[in-house]
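> Could you put the whole structure together from the sequences, leaning on the hints where they help?
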Amino acid sequence: MAAIRTRGLTKEFGDLVAVDDLDLVVEEGEVFGFLGPNGAGKSTTINLLLDFIRPTSGSVEVLGLDAGAEPATIRERVGVLPEGYGFDDPLTGREYLDWAIETRGASDDPDELLSLVGLAGDADRMAKSYSKGMQQRLSLAMALVDDPDMLILDEPTTGLDPNGIQQMRSVIRERAEAGTTVFFSSHILSEVEAVCDRVGVMNEGKLVALDSIEQLRENAGGQATINLECASPPTDLGVETLDGVASTTVEDDTLVVDCLDPSVKVDVVTHAAERTTITDITSETVSLESLFNDLTGGGRDAGEDEQAASGAATDGQEVPQ
Amino acid sequence: MSIRSVATKDFKGARRSRSLWAVATVLGVLTALIGYSFQGYQTTPLESFQQLMRQLVVLVMLLLPIVALVASYMSIAGERESGGIKFLLSVPNTRRDVFLGKLVSRMAIVTVGVVFMFVTAVAGGYARNGVLPLGLVAGVVAMTILYSGTFVSIAVALSAGAAARSRAIAAAFGSYFVLVLLFIVPGLNLSAIIRWVHQTLLGFDRNLDLYNAITYVSPLTAYRQGTNMVFPEALEQRVFQRAQEGGELPAYLAEEVSLLVFAVWLVVPLVLGYLRFKGADLQ
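Respectively, the protein sequence lines represent chains G and H.
When we follow the numbering used here, the leftmost residue of the first sequence carries the number 1, and every step to the right adds one.
When we follow the numbering used here, the leftmost residue of the second sequence carries the number 1001, and every step to the right adds one.
A portion of the hints provided could be inaccurate.
To be verified - Here are the computed distance ranges between Cβ atoms for each label pair:
1. G:ALA178 to H:GLY1279: 34 to 44 Å
2. H:VAL1026 to G:GLU174: 51 to 61 Å
3. G:MET126 to H:GLN1042: 55 to 65 Å
4. G:ASP147 to H:ARG1004: 17 to 27 Å
5. H:VAL1271 to G:GLY14: 27 to 37 Å
Hints were generated in silico from the structure; no laboratory data involved.
Ideal placement from N, C-alpha and C gives every residue a C-beta, glycine not left out.
Structure (C-alpha cells):
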C-alpha cells in the first residue's frame, strides 16, 4: 500500500491552476523530498493531502484512506508540520505540546520531545512570543507526538539556524530509520539532498521530475568543467586533442575545459602541466542547483529581472538556490 | 472526545484573556450598582426587587447581544486568519469537532458571564431590599441564557463562514443591526416598515396580527415576550399591539412560542454555518 497516492489531482483557485493533474505515489517507509520554487504548488498539494482544502478534481489517498472522507483517521496516523500556522492562543510551548499529546491520547514525555527539538529551556514561555525558528521547533515536536506512521512536513527548515537544520535532519533520519514515512517539502535543494531517498520536483503545478538524487544527477549528463589558471596565456597547449574533452576556451590567463567525464580532468591537468606553469586549479561538477534551475525554468526569477529587482526585499530569502 | 479537546483549549485561552476579565469586571460592577441603587416608588421590597429584574431585562436585552457577538465573532474566523486552525486539524479532529468545540466553549463563556451579571445584580438587590424571589430570578436567568445563546450561535455560525477578521466584523455588526436595532429604533423598526408597505404601498387593511407575527421572528421580541412567562402579571410587558383593550392574542403569539423562536435561532444558523465551514478551503 502506498503512503500517498494522488490520481489526476487538480486544484484551481479561480483562474489559477495551483496543482495540475498530479499523479504522485510515495511508498511506505520512504523519505520523499518535495521540491520546487515558491508558488509551484507544493503547499497546495500538502493542504490537499491534509484535507485543509478540497480538490477541484482527482483523488487523494493517504495511507490508503480517502483524504476527504476520513480525515480524522488519517490525522491519527500522520504527524504534521503545517505551513502558515499561528500560535495565537495565550498558551506556553509546553501547554501546546501537552494539548497535542492529550488530544492524540498519547503517552509521550513532553520534556523528552522538548529537548529533542532544543526547546527545553523555553518551554514555559508563551509560544506566541517565540521566534519563527523556535515556533518551527515546537511545531516539529507536536508533529512527532505519538510516533506517527508518516510525517508530513511543509518547509520544515524555514526560519531555522544551521544548528536547527542539523537537528531537524537528524530527527528526520532517526524516524525514517525506525520505519516512518517522511514527506517533506522544501525550496532548498541541499536540504533534500542530505536526507531523501527520492525527490519530486514541482513547477507551475506540475511534477517535472521524479527520481532519486543520484539518478537526477546522472540524467543531467556527467559534464564537468575545470579551470586552469596559468602563468602565461595558455594558448596552443593542444588540450582539445585529448579524449573526452568537449571544448576549450581561453580567458586571459585562464584555460576553461569542458570534459565529458570527471575522470578526464586529471588527464587535462597532466597534459597542461607538462607544457606551461599552472598557478591555480578550480573544478566544477554540474550542480544539482543548476539542474534544479533547468527543471523549474529558473523559478520565480526567470525573465522577471524588473520584478526581481523591485521584489528582492520580500522575495529574497525564498529564491530557490 | 475531540470536541472537548477543542473546547478546553479555547476556554483556557479565554480564561487568560485580560480584556475578557476587564469586561466582566466592568459589567459586574455596573449590575451590582444597579441592583443596589434601584428602588421603586412607593413599593414593597418584593415589588421593588421585581421591578429591578424588569429593568435588568431591558438593559440586558440591548447589551447582551453585543457581549455575545463580541465574544464569539472571531471564534473560528480568528483561527482561520491566524493559522491556529492548522494545529486544530493536525491532530485527530474533524471540522465538526472544531465547530462544535468552539460553540461549546463560547456558549460556556457567555453563560458564565450572564450568571455573573445576575449574581452581582441580585446580590445588590438583596442587600437593598432584603428579599430574594428565587423562582423569578431563576426564570429570568434561564430566559437570558437562551437569549444570549442565540447570539452566540449566530456569531459562531457567521464566524465559521468568514475567512478574515474584516468579514467577521461586518457579519457581527450586520446581525446586531438586523436582529436588534431593526426592532427597537422608533419609526425605523421592522413593524413600522411592514405596516407602511402593507397599508400605504399595497393598500391592504390594517392587520395587527400579521405585523406582530413578523416582529416575533426576532430573538429580541422573543426575549421580551418570553420573560412575561416568569414575571407576575402586574409587571408583564405589553409586547404586541392589540386591536382593542384586553383582546386575546392568537395562539401563535403566545408567550410560550418564544421558546420555539429561540430554538430556531439556536439551530438554523448553526446548521448553515457548519455546512459552509465543512466545504470551505482553509488556508
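> For every hint, state whether the structure bears it out.
Verification of the hints:
1. At about 38 Å, the CB distance of ALA178 of chain G to GLY1279 of chain H agrees with the hint of 34 to 44 Å.
2. Against the hinted window of 51 to 61 Å, the Cβ-Cβ separation of VAL1026 of chain H and GLU174 of chain G comes to about 53 Å, which satisfies the hint.
3. Roughly 57 Å separates the CB atoms of MET126 of chain G and GLN1042 of chain H, a value that falls within the hinted 55 to 65 Å.
4. The hint said 17 to 27 Å for the Cβ distance between ASP147 of chain G and ARG1004 of chain H, and at roughly 23 Å that hint holds.
5. In this structure the supplied range 27 to 37 Å holds for VAL1271 of chain H paired with GLY14 of chain G, their Cβ-Cβ distance being about 28 Å.
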